[in-house]
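Asks: Sequence order for the protein chains is F and Y.
For the first sequence, this note's numbering assigns the number 23 to the initial residue and increments by one for each residue that follows.
For the second sequence, this note's numbering assigns the number 23 to the initial residue and increments by one for each residue that follows.
Please keep in mind that the hints were generated in silico from the structure rather than gathered at the bench.
Hints should not be assumed to be uniformly reliable.
Treat identical chains as interchangeable: a pair holds within one or across any two.
[As the list claims (entries may be wrong)] No more than 20 Å apart at the CA atoms, straight line, and that leaves these computed lysine to any residue pairs for SDA-like: (1) Lys158 / Pro395; (2) Lys403 / Arg68; (3) Lys125 / Lys419; (4) Lys192 / Gly380; (5) Lys396 / Glu53; (6) Lys85 / Ser64; (7) Lys403 / Ile67; (8) Lys304 / Thr280; (9) Lys227 / Ser249.
There are 2 protein chains.
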Amino acid sequence: MLIVDGMPDRPIGGRTPLSVAKKPNLDKIAEMGINGIMDTISPGIRPGSDTSHLALLGFDPYKFYMGRGPIEAAGVGIDLKPGDIAFRANFATVVGSGSVFDKVVVDRRAGRIEQTEELINALNEIDLPVKFEVAKATGHRAVVVFRGNSSAELTETDPKVVGEKVKKCKPLADSAKEIAEIINEFTQKAHEVLEKHSLNLEREKRGLPKANAILLRGAGVMKEIPSFRDRFGLNLAVVSATALIKGVGRIVGGDAFTPQGATGNKRTNLEAKLGNSLDLLKKYDVVLLHIKAPDEIGHDRDFEGKVEFIERLDSHLGRILDLDFSKNCVIVTSDHSTPVSVGEHTADPVVVSILHEGVRVDDVKRFTEFDAPKGGLCRIKGMDLLNIALDLLNLSKKFGA
Amino acid sequence: MLIVDGMPDRPIGGRTPLSVAKKPNLDKIAEMGINGIMDTISPGIRPGSDTSHLALLGFDPYKFYMGRGPIEAAGVGIDLKPGDIAFRANFATVVGSGSVFDKVVVDRRAGRIEQTEELINALNEIDLPVKFEVAKATGHRAVVVFRGNSSAELTETDPKVVGEKVKKCKPLADSAKEIAEIINEFTQKAHEVLEKHSLNLEREKRGLPKANAILLRGAGVMKEIPSFRDRFGLNLAVVSATALIKGVGRIVGGDAFTPQGATGNKRTNLEAKLGNSLDLLKKYDVVLLHIKAPDEIGHDRDFEGKVEFIERLDSHLGRILDLDFSKNCVIVTSDHSTPVSVGEHTADPVVVSILHEGVRVDDVKRFTEFDAPKGGLCRIKGMDLLNIALDLLNLSKKFGA
Chain F
23 MLIVDGMPDR PIGGRTPLSV AKKPNLDKIA EMGINGIMDT ISPGIRPGSD TSHLALLGFD
83 PYKFYMGRGP IEAAGVGIDL KPGDIAFRAN FATVVGSGSV FDKVVVDRRA GRIEQTEELI
143 NALNEIDLPV KFEVAKATGH RAVVVFRGNS SAELTETDPK VVGEKVKKCK PLADSAKEIA
203 EIINEFTQKA HEVLEKHSLN LEREKRGLPK ANAILLRGAG VMKEIPSFRD RFGLNLAVVS
263 ATALIKGVGR IVGGDAFTPQ GATGNKRTNL EAKLGNSLDL LKKYDVVLLH IKAPDEIGHD
323 RDFEGKVEFI ERLDSHLGRI LDLDFSKNCV IVTSDHSTPV SVGEHTADPV VVSILHEGVR
383 VDDVKRFTEF DAPKGGLCRI KGMDLLNIAL DLLNLSKKFG A
Chain Y
23 MLIVDGMPDR PIGGRTPLSV AKKPNLDKIA EMGINGIMDT ISPGIRPGSD TSHLALLGFD
83 PYKFYMGRGP IEAAGVGIDL KPGDIAFRAN FATVVGSGSV FDKVVVDRRA GRIEQTEELI
143 NALNEIDLPV KFEVAKATGH RAVVVFRGNS SAELTETDPK VVGEKVKKCK PLADSAKEIA
203 EIINEFTQKA HEVLEKHSLN LEREKRGLPK ANAILLRGAG VMKEIPSFRD RFGLNLAVVS
263 ATALIKGVGR IVGGDAFTPQ GATGNKRTNL EAKLGNSLDL LKKYDVVLLH IKAPDEIGHD
323 RDFEGKVEFI ERLDSHLGRI LDLDFSKNCV IVTSDHSTPV SVGEHTADPV VVSILHEGVR
383 VDDVKRFTEF DAPKGGLCRI KGMDLLNIAL DLLNLSKKFG A
């Protein structure tokens, strides 16, 4: 499954990046395969990349989505159990006197600090009434997981803007009272540990902002979720540079890989990502290769940039066409549209092509938003995609007699 | 949303009214927009106009439909609370001796009486153990609402044919025992009040049938239903001459309008309805304009009549094309098909065109049952229509991250 994040678009003057890009391999895939449009969640519902990837892996996001915190936590490698509560976190700089909640946030990214490993080690030594774990994410970011059966009906400690005080975590339900107190205790103790940490004292000497507070947001409780293997009898690998997508893969029990040079932006090493994915096909039944850049470029509203990236991506896709389609099934699609005219995810359906010896090849010869609806798949839903592929591969069981 | 009731058809000799009518504006809408076919409820399910309008407004009719009584009651302006039980009612003529239930219905429409206002005022003075309200509907019709938490598991008092006695209302569940007795008490007291009413004594003198009974049918209990505003954050206006459609709009918290000269039949004032709808767009986020006639003509099995009405309707639609489609989204569709070959609502999917700057314009150039399936929307469901429009207008929220 090649999932090109945010690639489809809304037309501007009748043109989309996909319709103007020179992309002989994507067009060849459309020509050799069966094509259609797909609502990854449901028509008119704007998908997040996390909810849509859950759906594309066959998991109903309305049933299994648990918020961003747990998925990011899984993405950076924390093994979550049902009932664990997870937050996204930032190292930040606070000033003032009194407790951490009397202090004002002056930099939500602590000078975009990168080397946070030692700080995280120190935070993990804090004594709390519950088990917890802090783990590094990209840059100044981290995740914090509190173990046990907690409620995520909590307010955030991150004020989200500079110039405001660190917020106290407040319970929004009686069941969250205890964990709210523990989170406030953690926030205070974290500040004390960080404030006097040698790395911060050194930063102070060098005139850098101290990473002396940790701010929490995006709470979610890990749910009971069946594994991909239990559900489909197959093992799963996800190749991505994006923690959120790796997290979706891990949450459903898959393995996640980030090859050397994969960055999640438009300078990513496509050769390595594609090579890694094709290698993994030898060990894994299902390999999901996630390419992030077109989404980022869509958010930047850069039409030409999207065209250029699609053309560069296309130049690497010839290798897909060399696969043996009597044994392999290749899906090329996206998790959602990110139109350059909008700069956000939209619910415009994505383009989908399925390549396999057994597909009913249609007349579609170009991989575009305008050609796909004329294809043999018509309009499908994200939740059905994997089932369609497993059926083509004769890996499906009959329902009934 | 322009909803042309019952417009699509089944072909007779390969032709449908839409395929032979000269309708340059509808065809221009198809050409400028994205097209498809739509199952307003679900494939193969024959929609009522009430259930399909609920779906087109984003409310699952399987969850929220409460029967015709409450919707008609809302349509004539009664403000319903959850638990209220509503009936459609007819003024009728009964003869004989004894109680009303011993008397025989000789005219189910009381000589098609029109001026029922005074009779209704008198009925509203009746003393009953529960609060109730009688309101005028068109002609000899009315609605009756009994307030409070009642069960609608009741038989009807309307025998539906002349020559039979007025029926006693019987409970079909224990929970309906009390209300059944009250309804019988109401039916008897109504007869006593009407029998001696001056208006009826006068009718008797003039040789007209007395409107001396009120017959109840179509019981339904008002349900808890979220408002359109709560659901979508938008306000809604419905423009229709049909109480049932106005009722659907009001049941979901919208405002309903019937412009001067709007009749619900083929002589309706289309200029006024369209003008009123375009004006309302200044004050309302969503305006649903309902045109009833093609359904009526379909029930009459009049092919040429349907062609003529479509052509007349089309001559008024040029004004829609003058809207600014960077800011507005126009949907042209129907609530169901009413084929002239059947004379009833059928589940044949309806034609749908969506006009907005951001749509992926397809190759469809004619607004017909034969061209629509080739369009870029493929086949959608009524429940998804509004979500698709809100996404195009960037009024949607993202699900996930």
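Asks: Evaluate Lys192 and Gly380 at a C-alpha cut-off of 20 Å and name the case that applies: within, between, both or neither.
Replies: neither (56 Å within a copy, 42 Å between copies)
Asks: For Lys403 and Arg68, with the copy left unspecified, which applies at a CA distance of at most 20 Å: within, between, both, or neither?
Replies: both (13 Å within a copy, 17 Å between copies)
Asks: Indicate which option fits the pair Lys227, Ser249 if close means a Cα-Cα distance not exceeding 20 Å: within, between, both or neither.
Replies: Cα proximity of Lys227 and Ser249: none, with 50 Å in one copy and 59 Å across.
Asks: Should Lys396 paired with Glu53 be assigned to within, between, both, or neither, using CA atoms and 20 Å as the limit?
Replies: both (12 Å within a copy, 16 Å between copies)
Asks: Given a CA cutoff of 20 Å, do Lys85 and Ser64 count as a within-copy pair, a between-copy pair, both, or neither?
Replies: both (14 Å within a copy, 19 Å between copies)
Asks: At most 20 Å between CA atoms: does that hold for Lys158 and Pro395 within a copy, between copies, both, or neither?
Replies: neither (43 Å within a copy, 50 Å between copies)
Asks: First find the shortest C-alpha distance between Lys403 and Ile67 inside one copy, then the shortest across copies, and answer within, between, both or neither for a cut-off of 20 Å.
Replies: Result: close both inside a copy and across copies, 12 Å intra and 13 Å inter.
Asks: 20 Å Cα cut-off: does Lys125 pair with Lys419 within a copy, between copies, both or neither?
Replies: Intra 60 Å, inter 34 Å, cutoff 20 Å: neither.
Asks: Can you tell me if Lys304 and Thr280 fall within 20 Å by alpha carbon in one copy, between copies, both or neither?
Replies: within (17 Å within a copy, 52 Å between copies)
Violated hints, in rising order: 1, 3, 4 and 9; the structure is consistent with all others.
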